[in-house]
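There are 2 protein chains.
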Amino acid sequence: METAHRRKGRAARRSEAPARIVNYRHLRHPFTPQKVLSDDAVDAIHAMALKLLEDLGMKVLLPEARRIYADGGAIVDEAAEMVRIGADMVGAALTTAPKSIRIRAPNAERDLTYEDGALIFSPAGGCPNATDRIRGRRPGNLATFDETLKLHQSFDVIHKLGPSAEPQDVPAHLRHYAMMRGQLTLADKPLFVYARGRGQIEDSFAMIRLAMGLSDQDFTDSTWATTVINTNSPRQLDKPMAEGIIDFARAGQLSVITPFCLAGAMAPVTVEGALVLQHAECLAGITLAQLTRPGAPVSYGGFSSNVDMKSGAPAFGTPTHIRLAIGTGQLARHVGLPWRSAAGSAANVADMQAAGENHMGLWANLVANATLTVHAAGWLEGGLTFGYEKFINDIEALQIIAELCAPLATSPDDLAWDALSDVQPGGHFFATKHTMDRFDRAFYAPLVADLTNHGTWTAAGGQTATERATAIWQQVLADYTAPKGASDRGENIARFIADRSQAGGAPPPD
Amino acid sequence: METAHRRKGRAARRSEAPARIVNYRHLRHPFTPQKVLSDDAVDAIHAMALKLLEDLGMKVLLPEARRIYADGGAIVDEAAEMVRIGADMVGAALTTAPKSIRIRAPNAERDLTYEDGALIFSPAGGCPNATDRIRGRRPGNLATFDETLKLHQSFDVIHKLGPSAEPQDVPAHLRHYAMMRGQLTLADKPLFVYARGRGQIEDSFAMIRLAMGLSDQDFTDSTWATTVINTNSPRQLDKPMAEGIIDFARAGQLSVITPFCLAGAMAPVTVEGALVLQHAECLAGITLAQLTRPGAPVSYGGFSSNVDMKSGAPAFGTPTHIRLAIGTGQLARHVGLPWRSAAGSAANVADMQAAGENHMGLWANLVANATLTVHAAGWLEGGLTFGYEKFINDIEALQIIAELCAPLATSPDDLAWDALSDVQPGGHFFATKHTMDRFDRAFYAPLVADLTNHGTWTAAGGQTATERATAIWQQVLADYTAPKGASDRGENIARFIADRSQAGGAPPPD
Numbered sequence: 001m002e003t004a005h006r007r008k009g010r011a012a013r014r015s016e017a018p019a020r021i022v023n024y025r026h027l028r029h030p031f032t033p034q035k036v037l038s039d040d041a042v043d044a045i046h047a048m049a050l051k052l053l054e055d056l057g058m059k060v061l062l063p064e065a066r067r068i069y070a071d072g073g074a075i076v077d078e079a080a081e082m083v084r085i086g087a088d089m090v091g092a093a094l095t096t097a098p099k100s101i102r103i104r105a106p107n108a109e110r111d112l113t114y115e116d117g118a119l120i121f122s123p124a125g126g127c128p129n130a131t132d133r134i135r136g137r138r139p140g141n142l143a144t145f146d147e148t149l150k151l152h153q154s155f156d157v158i159h160k161l162g163p164s165a166e167p168q169d170v171p172a173h174l175r176h177y178a179m180m181r182g183q184l185t186l187a188d189k190p191l192f193v194y195a196r197g198r199g200q201i202e203d204s205f206a207m208i209r210l211a212m213g214l215s216d217q218d219f220t221d222s223t224w225a226t227t228v229i230n231t232n233s234p235r236q237l238d239k240p241m242a243e244g245i246i247d248f249a250r251a252g253q254l255s256v257i258t259p260f261c262l263a264g265a266m267a268p269v270t271v272e273g274a275l276v277l278q279h280a281e282c283l284a285g286i287t288l289a290q291l292t293r294p295g296a297p298v299s300y301g302g303f304s305s306n307v308d309m310k311s312g313a314p315a316f317g318t319p320t321h322i323r324l325a326i327g328t329g330q331l332a333r334h335v336g337l338p339w340r341s342a343a344g345s346a347a348n349v350a351d352m353q354a355a356g357e358n359h360m361g362l363w364a365n366l367v368a369n370a371t372l373t374v375h376a377a378g379w380l381e382g383g384l385t386f387g388y389e390k391f392i393n394d395i396e397a398l399q400i401i402a403e404l405c406a407p408l409a410t411s412p413d414d415l416a417w418d419a420l421s422d423v424q425p426g427g428h429f430f431a432t433k434h435t436m437d438r439f440d441r442a443f444y445a446p447l448v449a450d451l452t453n454h455g456t457w458t459a460a461g462g463q464t465a466t467e468r469a470t471a472i473w474q475q476v477l478a479d480y481t482a483p484k485g486a487s488d489r490g491e492n493i494a495r496f497i498a499d500r501s502q503a504g505g506a507p508p509p510d
Numbered sequence: 001m002e003t004a005h006r007r008k009g010r011a012a013r014r015s016e017a018p019a020r021i022v023n024y025r026h027l028r029h030p031f032t033p034q035k036v037l038s039d040d041a042v043d044a045i046h047a048m049a050l051k052l053l054e055d056l057g058m059k060v061l062l063p064e065a066r067r068i069y070a071d072g073g074a075i076v077d078e079a080a081e082m083v084r085i086g087a088d089m090v091g092a093a094l095t096t097a098p099k100s101i102r103i104r105a106p107n108a109e110r111d112l113t114y115e116d117g118a119l120i121f122s123p124a125g126g127c128p129n130a131t132d133r134i135r136g137r138r139p140g141n142l143a144t145f146d147e148t149l150k151l152h153q154s155f156d157v158i159h160k161l162g163p164s165a166e167p168q169d170v171p172a173h174l175r176h177y178a179m180m181r182g183q184l185t186l187a188d189k190p191l192f193v194y195a196r197g198r199g200q201i202e203d204s205f206a207m208i209r210l211a212m213g214l215s216d217q218d219f220t221d222s223t224w225a226t227t228v229i230n231t232n233s234p235r236q237l238d239k240p241m242a243e244g245i246i247d248f249a250r251a252g253q254l255s256v257i258t259p260f261c262l263a264g265a266m267a268p269v270t271v272e273g274a275l276v277l278q279h280a281e282c283l284a285g286i287t288l289a290q291l292t293r294p295g296a297p298v299s300y301g302g303f304s305s306n307v308d309m310k311s312g313a314p315a316f317g318t319p320t321h322i323r324l325a326i327g328t329g330q331l332a333r334h335v336g337l338p339w340r341s342a343a344g345s346a347a348n349v350a351d352m353q354a355a356g357e358n359h360m361g362l363w364a365n366l367v368a369n370a371t372l373t374v375h376a377a378g379w380l381e382g383g384l385t386f387g388y389e390k391f392i393n394d395i396e397a398l399q400i401i402a403e404l405c406a407p408l409a410t411s412p413d414d415l416a417w418d419a420l421s422d423v424q425p426g427g428h429f430f431a432t433k434h435t436m437d438r439f440d441r442a443f444y445a446p447l448v449a450d451l452t453n454h455g456t457w458t459a460a461g462g463q464t465a466t467e468r469a470t471a472i473w474q475q476v477l478a479d480y481t482a483p484k485g486a487s488d489r490g491e492n493i494a495r496f497i498a499d500r501s502q503a504g505g506a507p508p509p510d
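Those protein sequence lines, which keep their order, are chains A and B.
Just so we're aligned, residue 1 is where the first sequence starts under this note's numbering, counting upward by one.
Just so we're aligned, residue 1 is where the second sequence starts under this note's numbering, counting upward by one.
To be clear, the hints were calculated from the coordinates, so they are not data collected in a lab.
These figures come from a predicted structure and were not determined experimentally.
Just so you know, not all the hints are guaranteed correct.
All copies of an identical chain are treated as equivalent in the list; a pair is satisfied when it fits inside any one copy or across any two copies.
[Unchecked claim] Heads up, simulated BS3-like pairs for lysine-lysine below, C-alpha to C-alpha not over 27 Å straight-line:
#1 K59 <-> K433
#2 K310 <-> K239
#3 K310 <-> K51
#4 K484 <-> K150
#5 K59 <-> K484
#6 K59 <-> K239
#7 K433 <-> K310
#8 K51 <-> K35
Sequences are here, hints too, so could you generate the full structure?
Shown next, in the form of structure tokens:
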């Protein structure tokens, strides 16, 4: 049989062929940034955000933050805890905030350049629960937290670590030790730190220094840790968040300022109104960071969507979410800073809704040219649950997007004249030299997608993509090996963790 | 309770508020066209496609078509059935092919303008089977065909009809009567006609004229019918397809030239090589249409993807599919014509794979600015099956995209200064006048997405989006009512169908 022969030939060839080379580690956006706002609207939103900060101000609950703002020229009403920030202060902050930030990783090959044009994915973050088809939905614990880090580590398209499942079985005053140990010993990607009070932040920074053998100065001169600062919209900055901005700025670490403005709830119901609020809160956070330490790494950010009209719950992947993401990108470019966005899903299970919402968010961030897309994989229930099968299916989407980032080279050979001449009308290209030379590395190999026909698929058990994903994450965990240097890093921090735990740890603020 | 009071107020208000006004009928692309090919690569592909047609030529199986090509100046080898087409002939065709085509519908409000910038969706087409969660997977029959038309008719975001399920219980020589009767009596959107031989085409055109009360001249002066012409890649045009191009051109009806170039199978394995072939075949079809009747409506088109390396099956929503769609758009704009693309899925069931692949294809076509996206809803198994639940979930995606097409107006009120001033830090916008005035129409209302929390969702049965879609299509079919004029159109063609059926119908070519 000609066909069988050909297939055998290809199979034999495959084992000799070089593996398909893919580099998902350092991605650049393939598309030009799109707009939903006119240039006039961008100007008007920026101007109104400045007016909001100057005329109405932010409520800032941390006295130290109010003092820093006041020292920078803000008008502070101590009794009301209100801080009115002048446009000149914001303007000064925007001149010192860096446009490009190198985020260091334990493995230097995983360092990231955080700047306009970069495309960075981080996984589902902040989830109190986790779910999978084997063990069901349950509160996050340390074993699950560590498993999620192994999943993050196993896919290059996840560029930064994230707190995918809160380890609730670890007492709150010791939890940050477990979270940092997991990151340093199970992975080698850029690290996150929760801004849960000064004590935990200082401990976390100390662990990074110890693990990596860095002096205080080495550490402060580079960006090793990232935190997300959520304002308490509208127009409020609570104590731990303000402390986070200050402590990260002082230590040269990255705060990602992220108002969570749900249009119709914590923000105006219109896209433009929600963006005025988000932009103002973002600029207030950036200003605090720059007043604390001019040049401190800080990111513009947003994660705004709308509430659902029926349930009042947050919705994701909606037209409003997409528009807010694209509009956020316009405003970030207006002030000249790299910025974060997010994908995500409100679905309760890894189903078509979950896939659809995530794809809408991912593509919104693609056409918006978001620097960092948080919650890019695994987010269910609007962030209340990390889904293992959702994570695997989302990785497929991220890998497809990552493939688009490598520009087509278009050499004369790619035009395939010889193959086009050789193959007769109605024939096929399977066996041409042009195909054989490229077949093993021409196409993306799916992770979850099953392309067999209905009969074969049915005979093999007729599993959905969600069902198939179970065996995939199980295999990924079975195949996992710790990265180079992991055990050294673990040893470097063991004594510190034991001593600090013994001394009572660091309780988060009330 | 303040909250309950507010909610009650909103619910009461809702019943009085005007319904949310959405117009999904005439969409324009919201994003600027993106590129995967350099301008030089576009030039090189175009030049090589012309060289392919001129030096190697197309095999054209229909003698009449070879004669038309020869009369237009092509070099024809009758023994080999090969037609070599000069670049000058292609150039002349490209000057007469229309850049904007008005596609008429039985309901004039559903007429479409087929031109660059328009965004038109048509449903899954060409499926021999259908599947749903109640009745399972089965061969298409007339009842199913008619049901799918009711589904197409019920969603404005489906702009054209398509043959979603082949009515295999109707004998082939009579099937076109049933398919046209269904379209004319169950819907009022633009019509499709299969190019299955001259007899069926003439019958179908006659039914349209009778149904709509058009003279031959009226009919020929407007575009009432659309057909898809698939070349038999590589470089072959079979008899029914050539006949279709000729007959549609003569009658002023629209041929959508669509090579189906699977990279690595019927086309070169590279994106650029596949595009050379697709572009050449497209230009050959357009040239035949324009030689037949200069100015005849004809569309540039492509539906190219890659084969799966494991199974040899077509894959969709892949990086190669996305790149080919965007590259096709670049080539269509290079020759200045509106163009068709497609979404679709190879999944065997309405699952996350199905959703993911469809979203990738839809967004590829969005950033490529495809004029017409075929198979936008319901396509499973690479076109072998129409899925009811997949259709409903895909409609959700299309509606979200359609929402993005209405530009933001950004009036001063949208910036929401009054609301931003009224709401205190840490407060909420639920009850502001700005929100209350807009709440009922600010946001897209989901069709399938369930945004309730996990407890509520579980208590309600814990259904996936695929499961929920069943009740939705059942309700849509229960609520369906025939459009205005449908019964008149049916009466107008009844006698013709009876007579023609009596006379033996019109068998498709062998």
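Taking the hints in turn, this is what the structure says about them:
1. K59 <-> K433: between (69 Å within a copy, 23 Å between copies)
2. K310 <-> K239: neither (33 Å within a copy, 55 Å between copies)
3. K310 <-> K51: neither (34 Å within a copy, 60 Å between copies)
4. K484 <-> K150: Classified as within: same-chain Cα gap 14 Å, cross-chain 60 Å, threshold 27 Å.
5. K59 <-> K484: neither (46 Å within a copy, 59 Å between copies)
6. K59 <-> K239: Intra 11 Å, inter 75 Å, cutoff 27 Å: intra-copy only.
7. K433 <-> K310: between (59 Å within a copy, 19 Å between copies)
8. K51 <-> K35: Cα proximity of K51 and K35: one copy only (24 Å, versus 39 Å across).
This entry does not satisfy hints 2, 3, 5, going by the numbered hints stated previously.
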